[in-house]
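Novice: Sequence:
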Amino acid sequence: MKRIILTGGGTAGHVTPNIALIPRLQEEGYDIHYIGSYNGIEKKLMEDMKIPYHGISSGKLRRYFDIKNFSDPFRVIKGYGEAARLMKSLKPDVVFSKGGFVSVPVVIAAKNHKIPAIIHESDMTPGLANKICIPSAVKICCNFPEAMAHLPKEKAVLTGTPIRQELFQGDPVEAVQFTGLSANKPTILVVGGSTGSVKVNEAVRGCLDELLKTYQIIHLCGKDKVDPAYENRAGYIQYEYIKKELSSLLAFADIVVSRAGANAICELQALAKPNVLIPLGSNASRGDQILNAESFQKQGFSHVLLEENLNNDTLLAAISQVYENRAMYKKTMEASQMTNSIDIIIDLINSACKSNTP
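The numbering of the sequence shown is the working numbering, which starts it at 1 and goes up by one.
It is possible that some hints are incorrect.
Derived lysine-lysine pairs resembling DSS-like cross-links, with alpha carbons at most 27 Å apart [stated by the list, open to error]:
id, residue 1, residue 2
1, K78, K88
2, K111, K78
3, K199, K225
4, K44, K78
5, K131, K155
6, K354, K44
7, K185, K155
8, K131, K91
9, K243, K43
10, K199, K331
11, K114, K88
12, K199, K155
13, K91, K78
14, K88, K111
15, K50, K199
16, K43, K244
17, K185, K199
18, K50, K91
19, K2, K354
20, K354, K88
21, K354, K91
22, K2, K43
23, K185, K111
No lab work stands behind these hints: they were computed from the structure.
None of the values given here were measured: they were computed from a predicted structure.
Please model the complete structure; the sequences and the hints are all you need to start from.
Specialist: Pasting the structure below:
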């Protein structure tokens with residue numbers, strides 16, 4: 001049996017594309033194993049899917065000063081040793097990495113054991129983890145045409161992001177039953193990413209009274225970010241995180257307010273869901289979400305509200321603009337040339353696997 005190791009972790013964005021590939025990999029006859037951090041979000045997600053999981057030590061490599069910069073390199077070295085042992089014991093035919101710092105020792109260990117590794121870069125420019133992995137990869141999948149200029153020409157392949165097929169199977173009726181909201185009032189779904197966004201949460205709650213005059217709101221606010229002060233507000237419902245019911249909530253929502261992580265916005269595009277994007281500011285990141293959002297706004301898929309301009313008035317205006325023009329946004333996204341990401345990536349994996357077969 002062909003064997004593949006999937007890796008990636010730290011946030012849901014480094015795991016969900018791997019989840020999207022798993023059903024097709026199983027159809028193709030792969031024995032699938034996953035390498036992630038000891039207790040990252042990826043561990044629970046893979047265990048729920050009954051995928052064999054192997055935890056390794058993980059450290060973050062930072063561009064800025066932090067006291068952990070002195071200890072994390074040792075965690076990375078330990079992680080490399082653990083990944084190398086897993087390469088020897090599991091003997092995979094191919095490795096596929098979605099990024100995050102836990103993937104770095106895995107991809108390097110794969111190369112050192114002559115196992116082809118394919119990596120996926122979601123953003124316009126590669127993050128530090130993928131920059132380190134690029135020399136050890138045989139192919140680099142990317143999401144945006146603009147990303148090709150930042151990658152080695154002989155390795156880069158424009159694939160788009162694998163979309164979980166269950167997202168296309170949402171049922172608005174199930175969302176009404178799950179949330180208890182009205183089927184007849186415009187609905188906003190607010191998504192701040194897997195860990196939530198304090199600034200987005202505060203902005204939404206800051207103009208909640210005004211929003212509830214026109215809309216009802218489903219607020220995915222992140223772990224430990226549910227605010228008891230807003231419980232039992234008519235037309236407003238908040239959850240830390242939603243997994244199983246997400247497809248139905250997306251089908252039910254008229255518009256989405258979201259951060260601009262690459263995987264999240266590609267899912268919105270695939271579903272043709274009108275959206276307001278509030279990218280993470282460059283003071284808190286390397287600016288990749290801003291570039292992602294600008295690309296989507298340029299293509300007519302999204303309305304972008306920069307974090308430094310976020311306040312009650314600008315948020316209300318952005319939501320109103322998108323809701324009033326939702327048919328135009330939807331039509332533009334439906335007319336876009338979507339690549340069949342899963343098929344392209346599976347073909348790359350199969351080719352790499354064949355090249356590694358004696």
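Novice: Which of the numbered hints above does this structure break?
Specialist: 6, 7, 10, 12, 15 and 23
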